[in-house]
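Participant: Chain by chain, the residues run as shown.
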Amino acid sequence: MQEQLDKALEFANYRQSFAIKRKTLKEKIDAKLTYGFSGGIFKIDRSLLNFVEMLINRGRIENVVLLDINDNPIAIEKLESFRDEIFDRYFTATFEYLEEYQKIKKARSVETLLEV
Amino acid sequence: MSKGVILFAHNNRQIDYARMSILAAKLAIKNLQVPVSLVTDPSTMDWMKESGIDKIAADTFDKIIITQRPEDSNNVKNYFDGNNRTPATFTNGNRFSVWDQTPYDRTLMMDTDYLTLTNTLSSYWDADEDLLISSKYNDIQGKERIGYLDTHISETGIEMLWATTVMFTKNENTKIFFDLVEHIKTKYKMYSDVYRFNPLLFRNDIAFSIAKHILNGYQKVDEYSLPTIFSTADKDILVDADDGKLKFLVSQNNGENYVATSVADKDVHVMNKFSIMRNYDKLMELAQ
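Residue numbers (the working numbering), protein chains in the order written: chain A, -13 to 102; chain B, 4 to 291.
Simulated from the structure, these hints should not be mistaken for lab results. Everything numeric in this text was worked out from a predicted model, so none of it was measured.
Straight-line Cα separation of at most 30 Å, DSS-like style, residue types lysine-lysine; simulated pairs:
(1) K92(A) to K250(B)
(2) K12(A) to K33(B)
(3) K250(B) to K139(B)
Footprint (simulated), chain A over chain B, 3 or more residues, beta carbon under 8 Å:
(4) 129 to 137
(5) 142 to 153
(6) 219 to 232
(7) 246 to 260
Think of the CB as a built atom: it goes at the ideal place given N, C-alpha and C, for glycine as much as any other residue.
Could you put together the complete structure from these sequences and hints?
Facilitator: Pasting the structure below:
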């Protein structure tokens, strides 16, 4: 019985360490997806990426106004450069997210989690 | 527009804030790529000379600004190192003077136990806001450990801002703000009656929160803020810093039930200052 309890407690420790690692990883990626531009602060997410791409597809590529995280209007002079930057940041961050998430998923003990 | 970081370091008999400030500065220089200046006092400066860190300080800091030590001898708090408690004076009563002291047009003021391990704060230099303060505390363990007094100045008070990181542009608007913080410090007891908080320990977090509340017309306003303050509590223990990773023992329950975890590539506020000092040399390697 004691052995079962010890194993359960050990697993609980692992789960707590895992939860902390997952939380800090997500926050790290969130920080990488925050982009300061032209006086505004943007959250790079699917909605922003889609909206910017849609504007470009419709030919609106210069002097466009976007609302930032506080709904403040921010003038974007060259929308294509802005698009390239946010796409680049998005893919870099999400790729890193995937890579590190897989590492913590594979780590099956507190000791290996610490090294991720 | 010049940009830079300002740190305040006033040693007490237990904590060598000056030494910690060199670490914080080295990390900020590496990751934010801006100069860092130090505000300190004559007795801390004397200690820096006596302990032989004055030369590295002179090499690290853009400017070392010597000011009068604040009269905070009654401001005593418990510093924890895991379960070990050490009472010591908490000399933090001159942060409002940063507006006068800073040599930069745009300044980031940080605590010396805030370890800048990323360039995240760089995104905010050009934000169209004169004054940015972090509006949220973010505990390493998650929401379970965050109490109401981590998010509000009292049980019935306004929301707490975290003066751990403050960014501002030096202009007339921010002058008004920092003058108001000084006024609140001077009348701290009176403001504790109005805002219903415990006045025994002066906290910049509270003074800054009240000043912002007053200047926002006694309202909560949606505005830019700095990123959440990702923190480890003083009962958590930094056990190692290796290969870019900080390894912590995180207390699940107020100094009990520790769980191990590691943090990499993320700015972190390490409240257990003793554990910073124990791992000082390894942490300095992260700044190389």
